[in-house]
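Engineer: Residue numbers (my numbering), protein chains in the order written: chain A, 1 to 308; chain B, 1001 to 1090.
Quick caveat, the hints were computed from the structure, so don't treat them as lab data.
As the structure is a computational prediction, the values presented were derived from the model and not from experiment.
All C-beta atoms in this analysis are idealised placements derived from N, C-alpha and C, irrespective of residue type, glycine included.
Treat the hints with caution; some may be incorrect.
Just so you have them, the derived chain A footprint on chain B, three or more residues with Cβ under 8 Å [as the list claims (entries may be wrong)]:
#1 1005-1013
#2 1051-1064
Taking CB as the label site, the calculated pair distances span [claimed, not checked]:
#3 B:Pro-1047 to A:Gly-246: 44 to 50 Å
#4 A:Ala-191 to B:Thr-1021: 39 to 45 Å
#5 B:Thr-1021 to A:Lys-13: 55 to 61 Å
#6 B:Asp-1079 to A:Ala-267: 20 to 26 Å
Residues from chain A that face chain B, not an exhaustive set, calculated with beta carbons under 8 Å [as the list claims (entries may be wrong)]:
#7 Ser-252
#8 Val-255
#9 Gly-265
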Amino acid sequence: MKFAEWAPGKLIKTLAGSGIVLDIGAASIRVRSDSSDLAEALRIVYGEFPVLDHERFCEVSASIQRVGGARRFFHPQVDFEVDGQKPFEPFPADTHLPLLEWGVNWTLAERFNHCLLLHSGVVEKHGVAIVLPAIPGSGKSTLTAALMLSGYRLLSDEFGVVRFADGALLPMLKGAALKNASIDVIRAKFAHARLGPSFPNTRKGTVAHLAPDADSVARRHDPALPGLVVFPLYQAAAETTLETMGPSQAFSKLVVNSFNYETLGPAGFSAACRLIEACDCRRLIYSDLDAAIGTIDRLTESVAARRL
Amino acid sequence: MAPRETLLHFFADGCATFNPTRWETHVVDLLVGTLIEALLEGPKSVPELLSIALDASDLPVPQAERFVEEALAQLSGLDLVTVSSNDEVR
Chain A
1 MKFAEWAPGK
11 LIKTLAGSGI
21 VLDIGAASIR
31 VRSDSSDLAE
41 ALRIVYGEFP
51 VLDHERFCEV
61 SASIQRVGGA
71 RRFFHPQVDF
81 EVDGQKPFEP
91 FPADTHLPLL
101 EWGVNWTLAE
111 RFNHCLLLHS
121 GVVEKHGVAI
131 VLPAIPGSGK
141 STLTAALMLS
151 GYRLLSDEFG
161 VVRFADGALL
171 PMLKGAALKN
181 ASIDVIRAKF
191 AHARLGPSFP
201 NTRKGTVAHL
211 APDADSVARR
221 HDPALPGLVV
231 FPLYQAAAET
241 TLETMGPSQA
251 FSKLVVNSFN
261 YETLGPAGFS
271 AACRLIEACD
281 CRRLIYSDLD
291 AAIGTIDRLT
301 ESVAARRL
Chain B
1001 MAPRETLLHF
1011 FADGCATFNP
1021 TRWETHVVDL
1031 LVGTLIEALL
1041 EGPKSVPELL
1051 SIALDASDLP
1061 VPQAERFVEE
1071 ALAQLSGLDL
1081 VTVSSNDEVR
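Construct the entire structure; sequences and hints are all you get.
Structural biologist: In structure tokens, the structure reads:
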């Protein structure tokens, strides 16, 4: 059974009690909360995820709880708690899902040191994983979301999880955080996009989360072999430009876009070198999503054809 | 000296190094990578390094000498090599 099939009341009750378990592929996350609004948001964004036994092992146990006291009447807030710790100050209560997502991402980035963790979107088509590393504000999430909505399998919009043993990319499948103008762009362009509620006035502006599609959820335990590294950069009104990058230049840029390269040392170095050697590396400047998707389609087909 | 555990990876257009002593990553010219690789096998004199540079490139001798000198200065700054007073490079 999927979360989307649960009655809203059951999700609210379970979330407030034993919690729900989200198996996102490379990790599992237990979520508890006394916020019924969060329950509804999770039902939309994680609706395709299966309902799992709440006693299973989870790498992260997170909760979003309303802050008590008189303040809750005039300025309600919520706390993010992970494994008994509260790493952040409370957030406004109406930013429950962004806080949960950021908190879980922060926790994964801190802990997930048995793999190289890149700050990147990852999608896959024809067996070719495309890594889209970028700094915030580069249009990474928008492009990643658009690719998923155009037939690519989504592995992650935030984490490129590189397994040391074989260099494969593991899915870390969560809601794709769209920000500000990109929310309307995606909504207008893809009628089938399933978006959670919009959260205005977060620290990053307005945020809404795109639900991973059913195929991506069903295949969240399937690793993918890397074939392309594309560094995206959105520039308003720019022509679509695709530049080939030399591997050493791509390597330098890749490791800058990693959460834990510095921590991992030699293991991170070897994993990053291996990834670059396995991939064609490009820089993509875009403003038109259709043109960007078409460009990535052609690149992906070319890499897939070479593998045959 | 070049730390024994220094990691090298030769890409088609450059060489990535990881220095475990300083926990630092650098991307260097392929020829510089070749010099580091030679030093990982054992100490070399500057003339030996010059010979390696000449074998691995099309550089004429004066340019190769300048290249080796500049490369060693750069690598010393990164703690990847030590040049002793008798011109032995480790």
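Engineer: Against this structure, judge whether each hint is valid.
Structural biologist: For each hint, the structure was consulted:
1. For the segment 1005-1013 of chain B, the stated coverage by chain A holds: 6 residues have a C-beta nearer than 8 Å to a C-beta of that chain, and at least 3 were required.
2. Check result for the segment 1051-1064 of chain B against chain A: violated, 0 residues qualifying (beta carbon to beta carbon below 8 Å, three or more required).
3. Taking the beta carbon of each, B:Pro-1047 and A:Gly-246 are about 32 Å apart, not inside 44 to 50 Å as hinted.
4. Checked against the hint of 39 to 45 Å, the pair A:Ala-191 and B:Thr-1021 fails, with Cβ atoms roughly 57 Å apart.
5. Between B:Thr-1021 and A:Lys-13, the C-beta spacing of about 56 Å keeps the proposed range 55 to 61 Å intact.
6. In this structure the supplied range 20 to 26 Å holds for B:Asp-1079 paired with A:Ala-267, their Cβ-Cβ distance being about 21 Å.
7. The restraint placing A:Ser-252 at the interface with chain B holds, with a minimum CB-CB distance near 5 Å, inside the 8 Å limit.
8. Using the Cβ-Cβ criterion of 8 Å, the hint placing A:Val-255 at the interface with chain B is satisfied: the shortest such distance is roughly 6 Å.
9. For A:Gly-265, the interface hint holds, the least distance from its beta-carbon to any beta-carbon of chain B being 6 Å, beneath 8 Å.
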